[in-house]
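Listed here are the chains, written in short residue letters.
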Amino acid sequence: MQYLMSVFGPAEMSEFGTYPDQETMVKAMADTGAFNERLQAEGHFVYANGLASATTATVVDGRNDPPIFTDGPYLESKEYIGGFWIIEAGDLDQALTLAAEGSKACQGKVEVRPFQ
Amino acid sequence: MPGQGRGPTVPVTQVEEAITQAHHEQWARVVATLTRRFGDLDIAEEAAAEAFATAVQRWPADGLPPNPGGWLTTTANRKAIDRLRRENKRDDKHKEARVVYDDGAPEPVDAIDDDRLRLVFTCAHPALAMQTRVALTLRMVGGLTVPEIARAFLVQDSAIGQRITRAKAKIRAARIPYRVPSAADLPARVSGVLAVLFLVFNEGYLATGPDSDPVRHELTAEAIRLTRLIRALLPQDGEVAGLLALMLLTEARRTARVSASGELVTLHEQDRGAWDAPLIAEGHRLVRERLAAAAAGVAPGRYQILAAISAVHTFSRDGRDTDWSQVTALYDQLVRLDPSPIIALNRAIAVAELDGPAVALAAVDRLDDALAGYHAYHATRADLLRRLGRSQQSRAAYDKAIELAGNTAETAYLTRRRDQLR
Chain A
-4 MQYLMSVFGP AEMSEFGTYP DQETMVKAMA DTGAFNERLQ AEGHFVYANG
46 LASATTATVV DGRNDPPIFT DGPYLESKEY IGGFWIIEAG DLDQALTLAA
96 EGSKACQGKV EVRPFQ
Chain B
92 MPGQGRGPTV PVTQVEEAIT QAHHEQWARV VATLTRRFGD LDIAEEAAAE
142 AFATAVQRWP ADGLPPNPGG WLTTTANRKA IDRLRRENKR DDKHKEARVV
192 YDDGAPEPVD AIDDDRLRLV FTCAHPALAM QTRVALTLRM VGGLTVPEIA
242 RAFLVQDSAI GQRITRAKAK IRAARIPYRV PSAADLPARV SGVLAVLFLV
292 FNEGYLATGP DSDPVRHELT AEAIRLTRLI RALLPQDGEV AGLLALMLLT
342 EARRTARVSA SGELVTLHEQ DRGAWDAPLI AEGHRLVRER LAAAAAGVAP
392 GRYQILAAIS AVHTFSRDGR DTDWSQVTAL YDQLVRLDPS PIIALNRAIA
442 VAELDGPAVA LAAVDRLDDA LAGYHAYHAT RADLLRRLGR SQQSRAAYDK
492 AIELAGNTAE TAYLTRRRDQ LR
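Just so you know, the sequences run in chain order A and B. Under my numbering, the first residue of the first sequence carries the number -4, and numbering increases by one thereafter. Under my numbering, the first residue of the second sequence carries the number 92, and numbering increases by one thereafter.
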């Protein structure tokens, strides 16, 4: 069973990304790296990556010709997805346990959502 | 009536009683057994409901089966298989997902108990919203119908129906497991289950809403019944025993708590002869059991301490003989475990009896930031100010408490106390 684990962070990014200072950023990246290695070693890892700032997004509506392009993210929000994991887990309890560890490592709130 | 004229005819009341009893004793068992067998709460719930409906139709004419639980499980099992066959014809995809059913051989009793426990933990899963856990537990474990749950919480049937439907869909789609949590997770998960039951009990005990009865016995009774079930399934758990004791000692005072005119009667003024003596005795027995465990070094949790406080309150024949130093000591213990302002408020009420209203008022006033929107905070202040002879301030506090109180009996009591001020 696969789950999407999305990490949410503030819309505004500083030079330290979504983190308040360099020290926090370095630690979060190191912890997240270690968490990813564990996911891989234990067979939970499917994919993970970070996203560029939400202001770099473009919304495309191609339902009619010609397609319409709109600058910015689909929904206006104070917080956006900053990155995500796709994991393999036996059930929601296991996914939630992993999400709690991931959340602690990257220091952000994580939304867990099952794939169909 | 189907089957009329054959088989023994059973008096209607006897059948009704048997069905009610079977519903209380067997509903959770049937749902739990079928959920494991078919891996789907929705199928289990529907098949259980159909089996009970069939019993209502058939038992009056056919006579009571020798083993009602077995009859209901077998019937529900057959209903579930019928449904799956219908769906399989319609949709071959379901066939792959749900081919696990067997022919319904009887389960050993231990396995059934395990299933009920699994059901309880699934319904009170932390990934579900609290209100959803409450509704789902009452439906799946308690066997209440959607309209019964809606009535209990004074909301529309459709709101509860939707909550339960969405919860079942989430359990299936997100794969919320059907199992007893691991030993490491168990204490936290049990405390989640107890929180659900305590919420059901409290809503029954201090019902909110301007048109609602001040005490709704069907909710307190259901909460006690389900807590007894958890107690039977987890007899070693101290907090389960503590919560059951707390509920019993509270329920025992239920009839004495609201006057004939519908007004709240405080613990001090209650007719202690009207308390339910067997419930008090059972509650005290449980508290003694936990005190023995505490003496042996097992640290009590919050429900056990609350039960102990309730035991002190119900111990003396006369309210004036209450051992307030013991109550205060227990609250001190509770504050260390749970430093919430509501616990601090209740502690202050005990302090008023021990050290006088002035000391208590100073403690209560420190809680203003946290509790300014809570009616009991203002009611407590009003009472302390009244005892200190500060009538004008007391009146203002009563006004605020009346404005915030949601329980009809409480509003009546507070209004009378305010109007008695000189």
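Everything labelled a hint here was simulated from the structure, so no lab data went into it. Hints are not guaranteed to be accurate.
[To be verified] With a straight-line cut-off of 25 Å between C-alpha atoms, the simulated DMTMM-like cross-links for lysine to aspartate or glutamate are:
#1 B:LYS259 - B:ASP205
#2 A:LYS22 - A:GLU74
#3 B:LYS259 - A:ASP16
#4 B:LYS261 - A:GLU83
#5 A:LYS99 - B:GLU360
#6 B:LYS259 - A:ASP86
#7 A:LYS73 - A:ASP86
#8 B:LYS491 - B:ASP276
#9 B:LYS491 - B:ASP414
#10 B:LYS261 - A:GLU106
#11 B:LYS261 - A:GLU18
#12 A:LYS104 - B:ASP276
#13 B:LYS180 - B:ASP248
#14 B:LYS261 - A:ASP60
#15 B:LYS259 - B:ASP328
#16 B:LYS180 - B:GLU116
#17 B:LYS259 - A:GLU106
Consistency of the hints with the structure:
no.: 1; hint: B:LYS259 - B:ASP205; verdict: 20 Å, holds
no.: 2; hint: A:LYS22 - A:GLU74; verdict: 22 Å, holds
no.: 3; hint: B:LYS259 - A:ASP16; verdict: 43 Å, violated
no.: 4; hint: B:LYS261 - A:GLU83; verdict: 18 Å, holds
no.: 5; hint: A:LYS99 - B:GLU360; verdict: 52 Å, violated
no.: 6; hint: B:LYS259 - A:ASP86; verdict: 15 Å, holds
no.: 7; hint: A:LYS73 - A:ASP86; verdict: 31 Å, violated
no.: 8; hint: B:LYS491 - B:ASP276; verdict: 43 Å, violated
no.: 9; hint: B:LYS491 - B:ASP414; verdict: 31 Å, violated
no.: 10; hint: B:LYS261 - A:GLU106; verdict: 14 Å, holds
no.: 11; hint: B:LYS261 - A:GLU18; verdict: 39 Å, violated
no.: 12; hint: A:LYS104 - B:ASP276; verdict: 21 Å, holds
no.: 13; hint: B:LYS180 - B:ASP248; verdict: 32 Å, violated
no.: 14; hint: B:LYS261 - A:ASP60; verdict: 37 Å, violated
no.: 15; hint: B:LYS259 - B:ASP328; verdict: 28 Å, violated
no.: 16; hint: B:LYS180 - B:GLU116; verdict: 35 Å, violated
no.: 17; hint: B:LYS259 - A:GLU106; verdict: 20 Å, holds
Hints 3, 5, 7, 8, 9, 11, 13, 14, 15, 16, counting from the list given before, are not met by this structure.
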